[in-house]
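Number of protein chains: 2
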Amino acid sequence: MATPRFETIKAHIESQINQGDLRPGDRVPSENQLCEQFDVSRMTARRALQALTDDGLLIRTPGLGSFVAEQRPVASMMEVRNIADEVQQRGHRYRAEILHMESCPADEQQAWLLNIKPGTELFHSLIVHYEDDLPLQWEDRLVNPAMAPEYLQQDFSQSTPNAYLSQVAPLTEASHKIEAVLVEEKIASALDIDRMSPCLQISRRTWSAKGVVSLATLIHPGDRYCLGGHVKQ
Amino acid sequence: MATPRFETIKAHIESQINQGDLRPGDRVPSENQLCEQFDVSRMTARRALQALTDDGLLIRTPGLGSFVAEQRPVASMMEVRNIADEVQQRGHRYRAEILHMESCPADEQQAWLLNIKPGTELFHSLIVHYEDDLPLQWEDRLVNPAMAPEYLQQDFSQSTPNAYLSQVAPLTEASHKIEAVLVEEKIASALDIDRMSPCLQISRRTWSAKGVVSLATLIHPGDRYCLGGHVKQ
DNA sequence: TGTCTATGGTTGTATATACAACTAGAATGC
DNA sequence: GCATTCTAGTTGTATATACAACCATAGACA
Numbered sequence: 437m438a439t440p441r442f443e444t445i446k447a448h449i450e451s452q453i454n455q456g457d458l459r460p461g462d463r464v465p466s467e468n469q470l471c472e473q474f475d476v477s478r479m480t481a482r483r484a485l486q487a488l489t490d491d492g493l494l495i496r497t498p499g500l501g502s503f504v505a506e507q508r509p510v511a512s513m514m515e516v517r518n519i520a521d522e523v524q525q526r527g528h529r530y531r532a533e534i535l536h537m538e539s540c541p542a543d544e545q546q547a548w549l550l551n552i553k554p555g556t557e558l559f560h561s562l563i564v565h566y567e568d569d570l571p572l573q574w575e576d577r578l579v580n581p582a583m584a585p586e587y588l589q590q591d592f593s594q595s596t597p598n599a600y601l602s603q604v605a606p607l608t609e610a611s612h613k614i615e616a617v618l619v620e621e622k623i624a625s626a627l628d629i630d631r632m633s634p635c636l637q638i639s640r641r642t643w644s645a646k647g648v649v650s651l652a653t654l655i656h657p658g659d660r661y662c663l664g665g666h667v668k669q
Numbered sequence: 437m438a439t440p441r442f443e444t445i446k447a448h449i450e451s452q453i454n455q456g457d458l459r460p461g462d463r464v465p466s467e468n469q470l471c472e473q474f475d476v477s478r479m480t481a482r483r484a485l486q487a488l489t490d491d492g493l494l495i496r497t498p499g500l501g502s503f504v505a506e507q508r509p510v511a512s513m514m515e516v517r518n519i520a521d522e523v524q525q526r527g528h529r530y531r532a533e534i535l536h537m538e539s540c541p542a543d544e545q546q547a548w549l550l551n552i553k554p555g556t557e558l559f560h561s562l563i564v565h566y567e568d569d570l571p572l573q574w575e576d577r578l579v580n581p582a583m584a585p586e587y588l589q590q591d592f593s594q595s596t597p598n599a600y601l602s603q604v605a606p607l608t609e610a611s612h613k614i615e616a617v618l619v620e621e622k623i624a625s626a627l628d629i630d631r632m633s634p635c636l637q638i639s640r641r642t643w644s645a646k647g648v649v650s651l652a653t654l655i656h657p658g659d660r661y662c663l664g665g666h667v668k669q
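Respectively, the protein sequence lines represent chains A and B. Each residue of the first sequence is one higher than the one before, starting from 437 at the first, in the working numbering. Each residue of the second sequence is one higher than the one before, starting from 437 at the first, in the working numbering.
It should be emphasised that the hints constitute simulated quantities derived from the structure, not laboratory data. Among these hints, one or two may not hold up.
No copy labels: a pair is met if it fits in one copy or bridges any two.
[To be verified] Quick list of in silico lysine to any residue cross-link-like pairs, SDA-like style, CA-CA up to 25 Å:
1. K553 <-> R459
2. K622 <-> S466
3. K622 <-> I563
4. K613 <-> S633
5. K646 <-> P498
6. K613 <-> I495
7. K613 <-> I629
8. K646 <-> E506
9. K622 <-> R640
10. K446 <-> W548
11. K446 <-> E586
12. K446 <-> I495
13. K613 <-> F474
14. K553 <-> G527
15. K553 <-> A532
16. K446 <-> Q525
17. K446 <-> D591
18. K613 <-> T653
19. K622 <-> D457
20. K553 <-> Q486
21. K553 <-> G501
22. K613 <-> P460
23. K613 <-> S451
24. K446 <-> D543
25. K613 <-> P554
26. K646 <-> D628
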């Protein structure tokens, strides 16, 4: 039983939604219809629909049926977004300045966080992201070399580490911490702000199926960036 | 079938975890043990355990059993949490100082945000929340009087507006904005911080089934509070 | 015409059962 | 003593079945 049957059914419906064959508001086959279509028991069909509901793709109503959710689930701010896309979606020009990019041995804490042995070489990048000519984000990132061996060879002037890493090691898990901080002089000058202006600091650890991928500290000037989100139910 | 049986079992285990009868790492009764204990079928017991796993309270391993998760899941920051519960869960004493509590006419913008007519009387509260004797949150809240007519009569020295509102108008939707800011002198002194120290400001609009309930601005000293979260898949 | 009552279809809950995959520890054989 | 095999217990998947709660529609009835 390589992939469970309910996963197959789930994937089938999910792809129909993604490809537009099923549009928001459309009715999805009922549990019994799926039973016949895939030759499974009702509990199995049900499990597929339930999983899609948990993911926010479907809305099920007793007596009525299952329908494709009107609003695709809003990217919670927990979702790891790509700042280049964000900037371009706002209609501005994105560019990045790479300050630092090298391999260095992991100290005790870094090793623990990345789940590697202390002293192992890890990758370190330091990048400032710009919206037009205004610095928008300071990105300090440590990368588990086992997960992305080619990391240092990438060109991050146009793409972003985020985009690259999600390609080579699709993330399955992430933890975040969000704080308001003041920053040291080096960062302040890179972001072109006063040392006394408050910044939003996001510390993020990401996992792929095989383990910890990366450790990132993202710092935004408080007056140029905020996090937003909208949740239903 | 008022409350499903699996909900009962889930609640039972959840309370055991919350009360410390079951500690992180502890083993939870197996599916079969729960079957006997609650006189239900295995699928029902299983469903309770599965729900707890989805909530991040348990970790289940084939061949081994189900165990209380080491890390209590951090509420997604999208989730509207009750600061009183948060403080008490950390084992500290919660108290609140009510600075202001009255009804006043809605101006243009407030009316638009609360979806009421300009000039309508709305409720306004200003509360500082303490962890032990340290100010932890400045809460400036506007409430749609149609949703909670008794709002001004409540005693918020022990409970919180949050808790009260979620009782009288269970929320179905919320939108958030999170920023890093500096605060004015009045707020700084109420929070007992320097005017130059960065703060985390959360602006939150909440809906119930019947419409917009409330508009809150929450301000936390940057060095005393942060938002955290962990997402899987 | 309008109201009420079945009826069929849907999801929600629950049971009893079966087999597969995995783990730890005990029993066995060398 | 050591490695291997077996076994009991656990979770994961799947089936077949049953009844309850809910909804929209069609039909009966006034």
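To test your reading of the hints: which numbers does this structure violate?
Hints 1, 2, 10, 11, 13, 14, 15, 17, 19, 20, 21, 23, 24, 26 not satisfied by this model.
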